[in-house]
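Place chains B and C on chain A using the hints.
Protein chains in written order, with this note's numbering: chain A, 1 to 158; chain B, 1 to 754; chain C, 1 to 286.
FYI, nobody ran anything at the bench for these hints, they're computed from the structure.
Please read all numbers here as calculations on a predicted model, not as lab measurements.
All the pointers check out, no bait thrown in.
Below, simulated BS3-like cross-link-like pairs (lysine-lysine); rule was C-alpha separation at most 27 Å, straight line: (1) LYS130/B x LYS22/C; (2) LYS203/C x LYS281/C; (3) LYS625/B x LYS281/C; (4) LYS70/B x LYS20/C; (5) LYS543/B x LYS11/B; (6) LYS51/C x LYS137/C; (7) LYS20/C x LYS158/C; (8) LYS37/C x LYS68/B; (9) LYS37/C x LYS130/B; (10) LYS70/B x LYS37/C.
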Amino acid sequence: MPGLAVSTTINGDDVEFLCQAEETLLDVLRDRLGLTGAKEGCGTGDCGACSVIVDGRLVCSCLVLGAEADGSRIETIEGMADGETLHPLQSKFLEHAALQCGVCTPGFLIAAKDLLARNPDPTEEEIRFGLAGNLCRCTGYDKIVRAVQDAARTMKGV
Amino acid sequence: MGFDASYTAQKFKSVGSRPVRPDGVDKVTGRARFGADFNMPGQLVGRILRSPHAHAKIKKIDTSRAEKLKGVKAVITAADLPDLTDGNAEMYDILDNCMARGKALYDGHAVAAVAAVDAQVARKALKLIKVDYKVLPHVTDVDEAVKPKAPLLHKDMFTGGVDPKPTKPSNIANRSQYGHGDIEKGFEQADVIIERSYKTEQTHQGYIEPHACVASVNADGSGDLWVCTQGHFVYRQHCAELLGLDVSKLRVTSSEIGGGFGGKTHVWAEPVALALSRKAGRPVKLVMTREDVFRASGPTSATSIDVKIGARKDGTITAASATLRYSGGPYSGMWAELGAMTAFACYDLKNVRSVGYEVVVNRPKTAAYRAPSAPMAAFAVESAVDELAHQIGMDPVKFRIKNAAKEGSKSSYGPVYGPIGIGPTLEAVKKHPHMKAPLGKNQGRGMACGFWFNFGGQTCTDLNIGADGTVTLAVGTVDVGGSRASLSLVAAEELGIPYSQVKAVVADTATLGYNDMTDGSRGTFSSSMATISAARNAIEVMKERAARMWEIPVENVIWENGQAKAKGKKYGNLPQLSVKDIAAAAGNTGGPIAGHSEIVADGAGVSFATHICDVEVDPETGATKVLRYTVVQDAGKAVHPTYVEGQYQGGAAQGIGWALNEEYIYGEDGRLQNAGFLDYRIPVCSDLPMIDTQILEIPNPNHPYGIRGVGETSIVPPLAAIANAVSNAVGVRMTHIPMSPPRILAALDGETAD
Amino acid sequence: MHYARPNSLKDAISLLAEAKGKAFVLAGGSDLLVRMKSGHVEPDLIVDIKKIDGLDEIRKTANGFRIGAAVPCAAMGEAAALKKAWPGVVEAANLIGSKQVQGRCTIVGNLCNASPAADSVPALAAAGAKAVIAGPKRKRTIAVEKVVTAPGRTSLGKGEIVEAVLLDKRPARSGDAYLRFIPRTEMDIAVVSAGVSLTLDAKGVVKAARVALGAVAPTVLLVTPAAKAIVGTKLEDAALDKLAAACSAACSPIDDKRGTVEFRTKVAGVLAKRAARIAYKRAGGK
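Next up, chain A with everything else stripped away, as it sits in the complex:
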């Protein structure tokens, strides 16, 4: 079956690709575009490791078809840093040791970025419920929450 032609913008760059109808956006990012930052932890939208932002909305890329991304603006972990300069969330995750094995980290960073964009001054509870779609098995979430709280303060200029 000939592939479907899809045009998108990914991390600010124009990207075109061909994909089969049943390929997910996650498949496309990882296997066709070499953007392996988003991970497949479950394939069913239950773990958040594949989180990306599509047209300003946080989504699980394993539940979006590649074809659906036509005309969309996509943000992945690869675009989070500004060249050499890490995003405050990335720095704070490192500072607070908010990662151990690191496989869930790209998903958390994208989800936290979306959370703080919508709610720049979240309470601990709001952070916890806002990140409930991202599973971590290593940290127990404590240092992740602290990193997000600290990043929020930094980004507010406090």
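Below, chains B and C without anything else, positioned relative to chain A:
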């Protein structure tokens, strides 16, 4: 060079600090490469066909239609994996688990596999494989499996450890026993006896990264395996053995690992990927789906444990006994034995006996899960201890302090303890503000102790000094949680140089000598020992080079604060030489400078923990909220305190999930019903509070810095701490883990806990 | 498998009506893609409705609200007027899945997926919501509870598609609430759920009520005796107990990996009581 591993008290410059980890930036930018992030040119997609039956004879497998499908490059069954195990029962079980040989032993057992040009073709090909099963009666419950009329998994399984050997086969693979003293006499001396039975359901390590590998076998018998693993040397050994490859010709590179917790210490689909590659003549990428991970990797045992403990009115335990039945999946293992060993390890007992029964069931092959077998035994014993303390009218912490093991105590599993942390953690808990915080309506507090042995094992390390004076440390223990940072601190400490000048990497199997896996909390313990040894060797080399540069006898050279110094009146005013200085001149003084170490790290040092937990239980629904959690654990010496905290918090979180919601749910048909993260419920961010930690440091006398393993003990107390908290909150003793809302509600409603 | 993304409802309907094999509507995809991956469904055609004009809008009309079939649940939570008028419906919609799922899933998808445990359905049923169905021959509007006929089954004919959900204008002194029981604090499928919508008279006495239960029967249950038990009351304990008992009596749940019969039956009553209290407070009752 002899290496003296004994502890010497010292002031640390690097060890104990909290720098950012070296592999961190790659992980926060998405650049780090995990198992599924690697590709080889020309690679095929591998997929496995799995049995939908819990127990079935495989009469025939017809792969002809799958082989003919366009895009399919290889199809394999057990026929493509000849038995080269030569009577090694453990290896045979591994082989059989990778690909069923004649019998499917659990829902999910691999029966065939394909390699195809893409996932779509692979999926179609699997559907075209025709397997002729004869379904057999199955048994999935650990108590059902020991009943006389239970369906038999292996006609040739006669319980080991029993004398005389049984005449009839059964599902009990082994019996083990530990303890000392006279328990009958001990119980006669008791004023109060608690006797109860407990059950824990099967759980999975729940790592977020599914097993993934890229395998490539060439016609000349050499091979490459990129894989997420806790032990690339072990994987190399096992894969080479099973496939008949030369060990030295199989190069295994460990990717970054997305969680393991013991589950990635065994091979699962890797030999299959290699066999597919060999047959297809092309690399094969095989990634397990999440469903495959639950159905066909290595969860824990499910258990059924009877405990009897007696004490005098003054709180002294006079006797303690336990019978522990652990499920091992379809093959024999040592899980019940570990449970029997750890059950009473926290206490100083005159009369103690624990008997373990290893039971086979039609479930996936049990693997290690962070302090394997200890959490379940601790749940049973610490629940009974709590009840006993309550009946005697004694505070649960004071009761444990009274009976805690100490230096010189004979442990329940045999060895005599050196200096240990159980007493100190209990004293710390007694003083902790958490214990004094007021409790509200429907709230309860529980505490519990836990123990883990920690292991040493074979470890190799290479420390190379670059021409610019920076240091590369090649270790063979896979970094699961930041050990590269910790080991860099250790190297920096020994050499006397800044942490920023050390880079630690995990070497592959072709470039470093054998290393045991990262398990048993041995990663930092043993690799740090090897690092210290390698660093001391490198220092000796550097002293010699300095001597040569100064043209003085080497006996007059000392190493201090990262510099070679000439000592004595005659040479004392020679300028110091830094690592950089010596390295820059290396070409003229004898060549590249390195320190190596190949050791068996011994004396890992047992570690103890005491946890406190507050919960609130909704009496109308059984829903439990964890309000507050505190971990107090002995680390010996915390190399990087932030990472030690992280281990404490991570283990506690896994224990909380295990205690409240995680379990394998099987249907009457023997099939796993919740093989996904939706219905296998691990804690989410909003389920947990902040987890407070307190690191105690009672030095391990068998390590230069006093380091003990830390990664595992923290999963041991939570099941009991939470069970004690819930039991106190609802006023009913909980005996079945997980304490899911239906179980709590049933207990509240006075029905027997299911 | 074919993927189509028509620009008009008319085109979508033709595609579905004329499809030779198995055709599915794609809005959020959080149910469809999961079912595809597990092998439960093997679509020949997927019709993506997200580019159809008007389907991604929440419109305030003279009669109330019209929520298009392509509106993600997250957007419902951001619509202030909708949230104010029907807080129970919005909170139900916002409980589906995670934040990531919220960015995609739709209440129409949730309804048409026809799971007995769907979160939005008890709240919609209690609110008296209606579904606007467009098809090859005509448009029809029916109560949402009539859309689902059995687990995984709807009353939609070939080529028919729900294009919107309608909610009435909120009468004065009214409130609704939705509660569900899950073992964790997020992410789970409802074990049992209750949606309650109330209208009070000037004295704070309940004059109209609708009580709906989810995950305790093959389809959503509208429990008339439970509603009757609280009409004419101010939700005194005795009235609430009657409500709870009626709910428990109306249940016919199953034992499954998410809950037992006993648990669902008991907790249905507990949740209905709690939801009624919240709805009452929102309606201005004290």
